Amino acid sequence: MAIRILYFAALREALGRPEESMELPESVGTVEALRLHLCGRSGAWEVLGRTRNLRMAINQEMAQPASPLKDGDEVAFFPPVTGG
Amino acid sequence: MAIRILYFAALREALGRPEESMELPESVGTVEALRLHLCGRSGAWEVLGRTRNLRMAINQEMAQPASPLKDGDEVAFFPPVTGG
Amino acid sequence: MAVRVQTEDFDAGAEIAVLCAASPEVGACASFVGVVRARDGGDGVAAMRLEHYSGMTEKACEAIVAEARRRWRLIDVTVIHRVGELAPGDRIVFVGVASAHRGDAFAACEFIMDYLKTRAPFWKQECTGRGSRWVEAREDDDAAAARW
Amino acid sequence: MAVRVQTEDFDAGAEIAVLCAASPEVGACASFVGVVRARDGGDGVAAMRLEHYSGMTEKACEAIVAEARRRWRLIDVTVIHRVGELAPGDRIVFVGVASAHRGDAFAACEFIMDYLKTRAPFWKQECTGRGSRWVEAREDDDAAAARW
Numbered sequence: 001m002a003i004r005i006l007y008f009a010a011l012r013e014a015l016g017r018p019e020e021s022m023e024l025p026e027s028v029g030t031v032e033a034l035r036l037h038l039c040g041r042s043g044a045w046e047v048l049g050r051t052r053n054l055r056m057a058i059n060q061e062m063a064q065p066a067s068p069l070k071d072g073d074e075v076a077f078f079p080p081v082t083g084g
Numbered sequence: 001m002a003i004r005i006l007y008f009a010a011l012r013e014a015l016g017r018p019e020e021s022m023e024l025p026e027s028v029g030t031v032e033a034l035r036l037h038l039c040g041r042s043g044a045w046e047v048l049g050r051t052r053n054l055r056m057a058i059n060q061e062m063a064q065p066a067s068p069l070k071d072g073d074e075v076a077f078f079p080p081v082t083g084g
Numbered sequence: 001m002a003v004r005v006q007t008e009d010f011d012a013g014a015e016i017a018v019l020c021a022a023s024p025e026v027g028a029c030a031s032f033v034g035v036v037r038a039r040d041g042g043d044g045v046a047a048m049r050l051e052h053y054s055g056m057t058e059k060a061c062e063a064i065v066a067e068a069r070r071r072w073r074l075i076d077v078t079v080i081h082r083v084g085e086l087a088p089g090d091r092i093v094f095v096g097v098a099s100a101h102r103g104d105a106f107a108a109c110e111f112i113m114d115y116l117k118t119r120a121p122f123w124k125q126e127c128t129g130r131g132s133r134w135v136e137a138r139e140d141d142d143a144a145a146a147r148w
Numbered sequence: 001m002a003v004r005v006q007t008e009d010f011d012a013g014a015e016i017a018v019l020c021a022a023s024p025e026v027g028a029c030a031s032f033v034g035v036v037r038a039r040d041g042g043d044g045v046a047a048m049r050l051e052h053y054s055g056m057t058e059k060a061c062e063a064i065v066a067e068a069r070r071r072w073r074l075i076d077v078t079v080i081h082r083v084g085e086l087a088p089g090d091r092i093v094f095v096g097v098a099s100a101h102r103g104d105a106f107a108a109c110e111f112i113m114d115y116l117k118t119r120a121p122f123w124k125q126e127c128t129g130r131g132s133r134w135v136e137a138r139e140d141d142d143a144a145a146a147r148w
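Protein chains in written order, with my numbering: chain A, 1 to 84; chain B, 1 to 84; chain C, 1 to 148; chain D, 1 to 148.
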């Protein structure tokens, strides 16, 4: 299935990109599995393994690690928020 | 001793006056004694005996029944406040 | 710090702007505006009159602000209370508190309002179609002030 | 109810006036203005940039306001959050809540701020004399949001 991934703030800077589209392997069915899959790219991508309290959203709603992914989803990774 | 007494809101209306000056008898040494002394005038003055939670101030500071009076004091009687 | 008792209306935005500019350390400004309700329960309110104890009012408000400053870390505080004749929809009271962080500003602003309601010598008289009446003190307000 | 995410400044006084006029039953309007502190601890802040997740931001703010409306009796709510480049002393955020009585207005206003701070996807980047850095989330803010 095809998904779009967005990165924000310090994560966006560390990864050098605000977003990407990708075709997911069969084995990647949750947002946590996606995070581990992206960590596997190594180099800068390790940031997805060591960002404290990494936040994840699916289709603009906060997601849990076990939240399932489906074709066409917009997934986002970002650090804890600091607005207000 | 001579004092000035102020009345506010419903109390002022019931008593038909916003203030008065009076020479206190020797026996009236506290704000509570003053209240009872004024009640003794009877008629409308009974309102000082039956206003729920009657408030008293001496020289523009909240007073307790036992607060002592001295010459030149400005005493005030009023109902519970309702501003804000 | 400013405490003002006045017949004129106030400009909440201008007051907030002054509070926000009080120091480079201001990060938060909590404020409150009280309004004359046009309906209070069933009766329509045609007009309201605010009586106060001139002299004591200012002292009482200043004492309340001083107490708030003892309890929280505040940068600046403004209290404005109107007196005299007011119409439904009119603003009655403004309390604004500037602080570095929002927790102090919110707590102090609500504290000042709760104390104003129970300790500052103002009295409201409402005129409805059935005549005028002095507003009764609310036990809710005593309970709100007793929390602090 | 209005939620706005914008680069432009806002007029807190005008927003409060709209909230106060939302219904004849409004008796209370609690509001909050957040400001870019010119000093944050020791370092002087030269500029700030607010990044957000367009689309999710608005949804998150609306969900927070909806939750506040479930918890308290509110008449109207306005949330404005600025994004983009800001300077010290600039206003960042406005939250205003109109209600019949002040207890609901104060509680909902503080709740909305606490939730915005922890649940709405905004990120602050500060520029100081020593370069730029992403502001760290504060545990205080998590604790504040967890109270509700």
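Just to be clear, a hint being listed does not mean it is correct.
Looking from chain B toward chain C, a few residues come up when the C-beta cut is under 8 Å (computed) [unchecked claim]:
1. Phe8
2. Ala57
3. Gln60
4. Ala63
5. Gly72
6. Ala76
7. Phe78
Simulated from the structure, these hints should not be mistaken for laboratory data. Remember, predicted model here, so these are calculated numbers, not experimental data. All residues carry an ideal CB built from backbone N, CA and C; glycine is no exception.
Interface restraint verdict for Ala63/B against chain C (beta-carbon cut-off 8 Å): 11 Å, violated
Does the CB of Phe8/B sit less than 8 Å away from some CB of chain C? Status holds, d = 6 Å.
When the nearest CB of chain C is found for Ala76/B, is that gap smaller than 8 Å? 6 Å, holds
Holds or violated: Gln60/B as interface residue toward chain C, Cβ cutoff 8 Å? 4 Å, holds
Restraint outcome when Gly72/B is required to lie within 8 Å of chain C by C-beta distance: 15 Å, violated
Take the shortest C-beta to C-beta distance between Phe78/B and chain C; is it under 8 Å? 6 Å, holds
Against chain C, run the beta carbon of Ala57/B and see if the smallest gap drops under 8 Å. 6 Å, holds
Hint violations for this structure: numbers 4, 5, all remaining hints satisfied.
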